[in-house]
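Colleague: Sequences listed follow chains A and B, in order. Residues in the first sequence are numbered consecutively from -2, following our numbering. Residues in the second sequence are numbered consecutively from 2, following our numbering.
Quick caveat, the hints were computed from the structure, so don't treat them as lab data. Just so we're clear, the structure is a prediction, and the values are computed from it rather than from any experiment. Ideal Cβ placement from N, Cα and C applies to all residues, glycine included. There could be a bad hint or two in this list.
Across the chosen pairs, the derived CB separations fall in these ranges [unchecked claim]:
no.: 1; chain 1: B; residue 1: L169; chain 2: A; residue 2: K401; range: 43 to 51 Å
no.: 2; chain 1: B; residue 1: K386; chain 2: A; residue 2: P11; range: 53 to 61 Å
no.: 3; chain 1: A; residue 1: A34; chain 2: B; residue 2: H112; range: 48 to 56 Å
no.: 4; chain 1: B; residue 1: P170; chain 2: A; residue 2: D40; range: 39 to 47 Å
no.: 5; chain 1: A; residue 1: P253; chain 2: B; residue 2: P277; range: 37 to 45 Å
no.: 6; chain 1: A; residue 1: L394; chain 2: B; residue 2: A37; range: 20 to 28 Å
no.: 7; chain 1: B; residue 1: E64; chain 2: A; residue 2: D107; range: 45 to 53 Å
no.: 8; chain 1: A; residue 1: A148; chain 2: B; residue 2: Q439; range: 29 to 37 Å
no.: 9; chain 1: A; residue 1: S421; chain 2: B; residue 2: E64; range: 56 to 64 Å
no.: 10; chain 1: B; residue 1: I390; chain 2: A; residue 2: A386; range: 54 to 62 Å
no.: 11; chain 1: A; residue 1: V60; chain 2: B; residue 2: E257; range: 51 to 59 Å
Over 10 Å on every C-beta distance to chain B, these chain A residues come out as not near it, computed from the model [as the list claims (entries may be wrong)]:
no.: 12; residue: S54
no.: 13; residue: R97
no.: 14; residue: R202
no.: 15; residue: V235
no.: 16; residue: L247
no.: 17; residue: G332
no.: 18; residue: M351
no.: 19; residue: E371
no.: 20; residue: T422
no.: 21; residue: K483
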Amino acid sequence: MNFLLNLEYLPRLPLNKRLSKALRKAIEEGRLRPGDALPSTRDLATNLKISRSTILSAMEELVEEGLIIALPGSGYYVKETDIVEDFQPSLNSEFTKPLRLSEFAKRVRDVHAEMQTRWLEKLPDINYGTIPSTLTPHKEWERMMRRYCRATDIDTLTPTIQPFGYPPLREAVAAYLHRARAVKCDNRQVAIFSSKQLRLELITRILINPGDYVAFEEPAYAEAKYLLKAHGAIIRPVATDEQGLVVDELFKDATPVKMIYVTPSHQDPTGSVMSLERRKKLLHWAYKTGTIIIEDDYDCEYRYGKKSLPSLQALDEFDNVIYLASIWKSLSLVGFGFTVFPRRLADVAQMAKMEMEKYLPVAEQVALTDLINEGHLEKYLRKSQAKLALRRQEMILALAKYFKNRLSLFSEGAGTHLVVRFISTSENLVVETAKVAGISIMSTASYYEESPRQGEFMLPFACYQNAEVDTRVKKWADELKKRLAKHATN
Amino acid sequence: MPLTNLDLQLDPFSKIPLGRQLTDKLRRAIIEEQIASGSVLPSIRTLATKLNVSRSTVMRCYEELAGQGYISITPGSNTSVCKRMPGELEKKHSPLELEPNENFTPPALSHYAEKLLFAAREAPAQSKFFLNYGGPPLDTAPVDRWRELIGIHIKKKQSPHCSSAGYLPLRKVYSDYLSRTRAIRCDISQVFVFTARELRLDLLCRLLLEPGDAVAVENPGYPGARQRFAVHGAKIVPIPVDYQGLDTDYLANLKEDIKMVYLTPSHHEPTGVVMPASRRKKLLSWAESRGAIIVEDDYDSEFRYDSRPIASLMSMDESDSVVHISCLWKTLSPVSKLGFMIVPKRLSHILACAKALVERETPPLETLVLTDFIKTGNLERIISKNRKIYESRRSSLVNALKTAFAEKITMSSESAGMDLFVRLDCPLLEIEILKMAQKAELPIVSAAPYYVDTPPGKEFIIPFSEIPEQVVEEKVKNWVKLLQM
């Protein structure tokens, strides 16, 4: 054991006393706890450069005091006491000088306070995006990881990894995004991030100064807005309708917007798909005003029915779109985020990445490269799309059957949840009754920058077995009717 | 039939599945307009027979292309190539250097990005050079044990539940490890795990510094840290280093309001000097009186060979002003590169909030495996095993250098870390000395980048941990021969 002991310098006190003093202190401070083995005398002798007989005499002293016990053939142990004490760090809690924080830190504090009130308390404990593991390539993922563990050549084990990630993985991701979403890029534009949030953090750092305006769809994913607020950006919400972002609003407004964050393939949370005409308009506007577009294709993999439109990135001719993707929905064990940068931003993005993370986990990157290149990811996506389309249909039918016109449905064929709007029903009642019926549901309120839409909820459908949906929704509707009747009589 | 003259030959021996080969070839043919848009594709049966693959392979291929919008399948009718392609533009691949246009404003970068670009222009060679320098030699990395643990944990299919500070059991075992080896006693709320290691110093700067604030650093000292402070707009105040490390008297006499001090007290990078306890106390009381934050980079404290280890600055701190930065890089690279940071209590809440915005998850498998690795004592076993190896490699190198150079070399006397700091008395230019070392296959780098101002020159760092004992003597001999000394 590499145990650090500090032998205080005390004149006239012999070395063995100084050692016993240090050990006593370590036990009192809780660095050595009841039952812990003391460092071996041999280790102490080598580390402290003192003779073993000196150490033995110090140990003897502690044994006599009853602090430690000697087990022949095993070593010395801290004596176990009956009283189990909680380890309390002894730190001076009175500080003369308060911490001087930066402006950034103050904004982080404000944002945190906002999150506490607006977001955290309204967030039920559901994971509204998970796909059941039977529909995901978990087994194949395990196999790829095993393969990595068996590999013998040193190049596979310890590949050179650049700040943007393992080059073969970047190639595989570029090819995959090209196949699935017609994204056009070369490998130099693709960056792998160890976490999804880091992508937006990096983009914000290189583009946004405090006081800059950033446009967001209204409603939009709250966490992204919090990050930008912490950097001092001012959020400008832009309305959405059934065709996604209302692009004309951008043309009307003279506020110089620096960046716009959109989810065109499946608006988060309402699920509308931006029309081709609007996509072209948006790109044109961005080109004219020099605005960078962030296209978050967060659940692009799951589409049903209608043929999909190409991504904004694919339509863009002006090198203005930063494209974000990930595969966490299909494989929750892989938290990597992917980014495709415009060519003119790739260099500075790489420099900024060096300031955040130069290295990424090796095993995961090698395994993911194989998973994509061998087609497992896409195979499962095809498989799950058919299944999820069915589940979605079942959910829609059940809702229509049991709720009739109490709610309206608002969702195009994409993603893993539906958006429903309850008409003149209290939100609390909806949440409570859903809970009783075992249905997870989440209010969209936290997505709105201005006033939230009353009675709007996200309803994940991917997580139910087919037969379950009907009975659960029925129970939910019955429960709601019962409660409403009760309210009426009261 | 448009496909007759198309090369759709599949390679049955390739690692790529047949279906994937076929899909890729067909897609390319469509994109490159070898198959005209709107033209009818052969039926599944025809194509399957022609290529000698199963019908389901062809079917899946068609389905995939249809899903991507390249072809359209009409049940009961022909399959044909779509008239409009997904992402119409990809075949054109428009050049990206756009014509300057009156209406067109290029995106303005942030002040931060401009500082980054400036820093890169200032020192381009340096940052590239230090990218991979300093890890352990591959022959001592615990790659096999690590992979064994991956195999065990992948079976369990767990994904650890993390708070923004990191996976709780990992923070626990790591703080216990620091308590044993570095005498650091801290609350679990002060312990943070970072996947993005560079973010540790970076977030600290963001939370504590405004542009123009003064940060004191050792001169010479680690250039990577200096660069991080510089891109945040901090004013860098170099403090001289003597045989006891950072000169605390010099620091105390400065008039400036120093907000932060960054140093490597346990093993100064690059000279290897250790700061004695008396000076540590001085530094701590200075920080307390000024309200400054001390950043203690404990980057390779696990490797000491002859002297008693010294308690970390953080363990002596009573005023809640020391940040302790460490990682297991020197032992576990390349298998794990997670970084750790122990912060003062008064900083832990705001750091948790800031980190929640940028990094909430750590890679699940790596987290679980590392927790296990430390808990079962593997880490400390491998450290003590490697310590013996490095100690012997160090003494072989020192002996070889002494014999070869005699009094023309000065070496740091501290026996710690993984590399040796040397100063040569040699008439050749520094660049030539480096070239000769390269010829002799002796890994060696110049210490010049560590200096803020003009370096004294002919100072070098030799990573002895990478040079096996059997070859070191010969390499040094060759080097001296080339230097004609």
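Colleague: Does the claim that A:R97 lies outside the interface with chain B hold up, using a Cβ gap greater than 10 Å?
Modeller: violated (7 Å)
Colleague: Is the claim that A:G332 lies outside the interface with chain B correct, judged by CB distances over 10 Å?
Modeller: violated (5 Å)
Colleague: If I claimed the Cβ atoms of A:V60 and B:E257 lie 51 to 59 Å apart, would that claim hold in this structure?
Modeller: About 54 Å separates the Cβ atoms of A:V60 and B:E257, which means 51 to 59 Å holds.
Colleague: Going by Cβ atoms, does A:R202 stay more than 10 Å from chain B at every point?
Modeller: violated (5 Å)
Colleague: Taking the Cβ atom of B:I390 and the Cβ atom of A:A386, is their distance within the range 54 to 62 Å?
Modeller: holds (59 Å)
Colleague: Is it true that the C-beta distance of B:L169 to A:K401 lies inside 43 to 51 Å, as the hint says?
Modeller: Once the Cβ atoms are compared, 48 Å apart, the range 43 to 51 Å for A:K401 and B:L169 holds.
Colleague: Any Cβ of chain B at or closer than 10 Å to A:V235, or is the non-interface label fine?
Modeller: holds (19 Å)
Colleague: Holds or violated: 20 to 28 Å for the Cβ distance of A:L394 and B:A37?
Modeller: Taking Cβ atoms as reference, A:L394 and B:A37 lie about 42 Å apart, which means the hint is violated.
Colleague: Between A:S421 and B:E64, is the Cβ distance one that fits in 56 to 64 Å?
Modeller: Given a distance of about 44 Å, which is not inside 56 to 64 Å, the answer is violated.
Colleague: Taking 39 to 47 Å as the hint, is the beta-carbon distance of B:P170 and A:D40 inside that range?
Modeller: With Cβ atoms ~26 Å apart, the hint is violated.
Colleague: Kindly confirm whether 45 to 53 Å is satisfied by the beta carbon distance between B:E64 and A:D107.
Modeller: holds (51 Å)
Colleague: Should the hint that A:P253 and B:P277 are 37 to 45 Å apart at their CB atoms be regarded as holding?
Modeller: violated (57 Å)
Checked against the numbered hints above, the structure breaks hints 2, 4, 5, 6, 9, 13, 14, 17, 18, 19 and satisfies the rest.
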